[in-house]
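Take these sequences, add in the hints, and give me the full structure.
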Amino acid sequence: MNAWKNERYVLWDLDGTLTESAPGIINSVLYALEKMGIYEKDRAKLEAFVGPPLLESFQRFYGMTPEEAKTGMEYYREYFVEKGMLENQVYPGIPEVLDRLNQRGYHLAVATSKPEIYSRRILDHFGLTDRFVYVGGSTLDETRCEKADVITYVMETLGISPKEHPILMVGDRLHDVQGAAVNRIPCLGVLYGYGSREELETAGAVEICGTVAELPEKVERCFEGLR
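Here the working numbering is used: the first residue of the sequence shown is 59, the next is one more, and so on.
Any given hint could turn out to be false.
Calculated pairs, DSBU-like style, for lysine-lysine (alpha carbon to alpha carbon, straight line, at most 35 Å) [claimed, not checked]:
#, residue 1, residue 2
1, Lys141, Lys99
2, Lys103, Lys221
3, Lys93, Lys141
4, Lys128, Lys141
5, Lys99, Lys128
6, Lys128, Lys93
7, Lys93, Lys103
8, Lys103, Lys128
9, Lys103, Lys141
10, Lys221, Lys276
No lab work stands behind these hints, which were simulated from the structure alone.
Because the structure is a prediction, the values reported are computed rather than measured.
Now the structure itself:
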């Protein structure tokens, strides 16, 4: 009972939740598509690439075969590693929110579909890494890329489970909500990222947060529901 009361874990999505990463992701996708002879003029259309695994997105939105999608991902990474990774910025107020939650005794970790090696570099660049007990992401070979698998991996690495600890996922897309549900934990959906209220509510988010400033209160409310 003491462990349940005192060890509260919040798992955070990265893109669209901690950082505004669309510019770098979209530029990387445009680069990959052009290398494959596809000239996309609608940048807004490519916001759909923010969050989901790349292989899935190339196949879903451009009808690529698995092999073509793999090639697209390789081209994407050429640009992303050189430039796109840091065409990115932390949402204003996020460092303060993380500090406040840490001060309140929450254990914070990252669970993102972005490759772990890139996620760590981004968080290091923005000086956020030390605010988390662990940063977990996908593998470069895409053997661990689905959000549910990443969340499982992070919980196993931390040695926690929803049977023994209150755990909350925070994210901006349906993949965050669905991945959390597979792992039997609730998800707080945020609207300042790249998903809509309808998307998050339909997926089953237990609470919706409109702004960064509301996060501490919304996180507290979600954990009250877990008691």
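- If any of the earlier hints don't hold here, list their numbers in rising order. Structure breaks hint 2 only.
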